[in-house]
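Chemist: Sequence:
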Amino acid sequence: MELLEDIRLATGDKDFLRLVGVSQSSVLSFVVDTTGSMSDEIAEVKRVSFSIIDLKRGTQKEPSEYILVPFNDPDFGPLIRTTDADIFKQHINGLSASGGGDIPEMSLSGLQLALTAAPPSSDIFLFTDAPAKDVTLKSTVTALIESTKSKVTFMLTDPSRSARRHQRSGSPTSNRLSEADAQLYRDLAQASGGQAIEVSESSLPQATVIIEDSSSPALVTLLQAVRTPLRAENFSFLLDELVSNVTLYITGSSPAFTLFSPTGESQSHEVSEGPLGTIQRVGNLQRMQVKTHNRTGLWDITINSTATFTVKVTGQSSINFLFNFVEAFGGAHGDFSLKQSRPSVGKNATLLMSVTGSDSLRVTEVALVPVSGSGAVNGTVEALGGEDFLVTVDELPVENFIIHLRGETSGASRSSPILFLRQSSTQLRASRVAVTASVNSTLEPGATITVPFTVETNTTAGNYTIRARNDRGFNVTYPSSVTLEAGGRAEGTVSLTAPSDTPSGTDVTLTIEAEAPGATDSNYVVIRFAVATKVTDFTRPVCQVDLTANCPQDCSQATWQLSANLTDGNGTGIVLVTLQQGNGTLNTSSYGAGITFASYNASCCSEVVELVMVDDVGNAGVCSASIRGLSSATTPQTPTANATVTQIATTPQTPVATTTVTQIATTSQTPIATTSSAGHCLNLSIWLWPIVMLPLLYLKV
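In this note's numbering, the protein residues as written are 57 to 757.
A few of these clues could be false.
Unchecked claim - Below, computed lysine to aspartate or glutamate pairings styled on EDC-like, alpha-carbon distance capped at 20 Å:
hint: 1; residue 1: K117; residue 2: D142
hint: 2; residue 1: K189; residue 2: D237
hint: 3; residue 1: K590; residue 2: E500
hint: 4; residue 1: K117; residue 2: D140
hint: 5; residue 1: K117; residue 2: E268
hint: 6; residue 1: K403; residue 2: E451
hint: 7; residue 1: K102; residue 2: D142
hint: 8; residue 1: K395; residue 2: E202
hint: 9; residue 1: K189; residue 2: E235
hint: 10; residue 1: K205; residue 2: E383
hint: 11; residue 1: K102; residue 2: E257
hint: 12; residue 1: K347; residue 2: E326
hint: 13; residue 1: K145; residue 2: D96
Keep in mind the hints are simulated off the structure, nothing from the lab.
Model the full structure from these sequences, guided by the hints.
Modeler: Below you can see the structure in the form of structure tokens.
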């Protein structure tokens, strides 16, 4: 806990909560094709992003972070990641359409960057009108989707427009976006719980309403399914009174559907404005805003289609769940570690779940449901206290699956409990191949790190293809394959080299994959670590304080002042000074050899100030002072205290507080309190620890 407190001091409360994923607002993430034919799409990205920013700025719905990844051919990136909406606007505004050459573009490379940068469970939107050139990244992108549980929605504009690009460049027009090209995007969208929306250029503004929907906070999934039907299919979803703003999405080649409410009313797809909602059609998307007032209970949807379709129902609710597969790693306390790969077929599995939104809820059922809809596997639920539950299953489904959670919670105005059902979005799968790896050291700029890995299988023998990829484009070497006997194991090593000019603090995501002979099965392990220069500065910044107070009994009639010299000794230098406590005005300026001067002015009613000083490698120190106890019962016109306090902080290696006080002409015997304290050294490799170790804290972006 001390370490987390030091990180909080170094980053500030808002950034610390974002760092560990505790955020009630969404993240706005765009991956944008910037080749020559994309000018209209880029204009729409600008319009919709500016609209969301301007509408939600300053509210609780304001996005907590903004991510932008442009891609072209042969280049992609750079990654833009910021919490400042104005900076994001500048980068969006700077996008322009140019270049491209041949049709395929580096879309999956751009998506890989966004997936590794965005917090877990983010919504990412990719705009393109061209096929992927880097199709070999599909397995890596799928692994990142599964590990981050992020949803990816593809905005695919009129595939025939690929010809226009080549007419402009004089290139052949034969390689247009084929059905196979589009299917790649559909596969990734379906795996993530997102959608592949195929529209014309002119209708794109009507389709981007889905981005505004997804930017809503506390979004939950009530139903999601993919079908390749032979007959009409029926689907159901449970609507409880804690869900609002329900929206139905159906994508496909114009499937016919009818929605039935619990009260017996119905509305078909042919009725744009009906008793149950308003239907909007654009491209291959049908979107229905459902009228749910006084219609809680079980809803039904009948869908008739001759081609593959997706159906999804979302709403807004405080009740949702987070989960991760975990495995016991021993120890006296029965601890679990996060599993960074697919669980194993034919073996039991354990999930750690957090259910948010109510102090009085009870989980009644957790089921792993195959995407085909049949053969659900129920788990055994054990309450761990608070919002946390441990779920064990004896055996995992063989095909891709999602997670259903049922529960009940007490309502404020009713005696009977409220029944609810929530569903995960990301498709999961088990594997007969196991891949494990670990990193026990930090990667320094210009250095090489070796990552040993192990591949095991309980089935097919033969040569297993190995792939190792990272999101930074660092040089990586690894064996192209390993040979396994049936039920055996093999070991290998991945070597990763960081360029010498890599900034310290750069985060790297390494994905190691193993594919069975004939591509019949595969698994992966995702490892996240940081590049960091060797830290030799373990000393916190310290302060020397001069404080002057002249406070009457009526504290609102006067102010007090603090002046402080903040120094880092022979360290790396102070790079950040923030006001942790106090309502006054803080100004800072740098002068001399590594000295920062801070001045603080506050009302006498605000008696305490606390400054946080952070040096270039993350060491955090606290400088604080208080004027409490100096006021007396004299009249406001007569000052009761005139005090100057000087305090010089020592530089021990353990947190301390030392005070030297000189008090002049005071009428109070209570000294002014000033302290300078510190905590752990926060080198940049430690800063990413909460991201890796606390994913379960991420709440409903």
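Chemist: Next, verify each hint and record whether it holds.
Modeler: Each hint tested on the structure:
no. : hint         : result
1   : K117 to D142 : holds, 16 Å
2   : K189 to D237 : holds, 10 Å
3   : K590 to E500 : holds, 7 Å
4   : K117 to D140 : holds, 15 Å
5   : K117 to E268 : holds, 11 Å
6   : K403 to E451 : holds, 5 Å
7   : K102 to D142 : holds, 13 Å
8   : K395 to E202 : holds, 12 Å
9   : K189 to E235 : holds, 15 Å
10  : K205 to E383 : holds, 19 Å
11  : K102 to E257 : holds, 15 Å
12  : K347 to E326 : holds, 17 Å
13  : K145 to D96  : holds, 17 Å
In summary, this structure violates none of the numbered hints.
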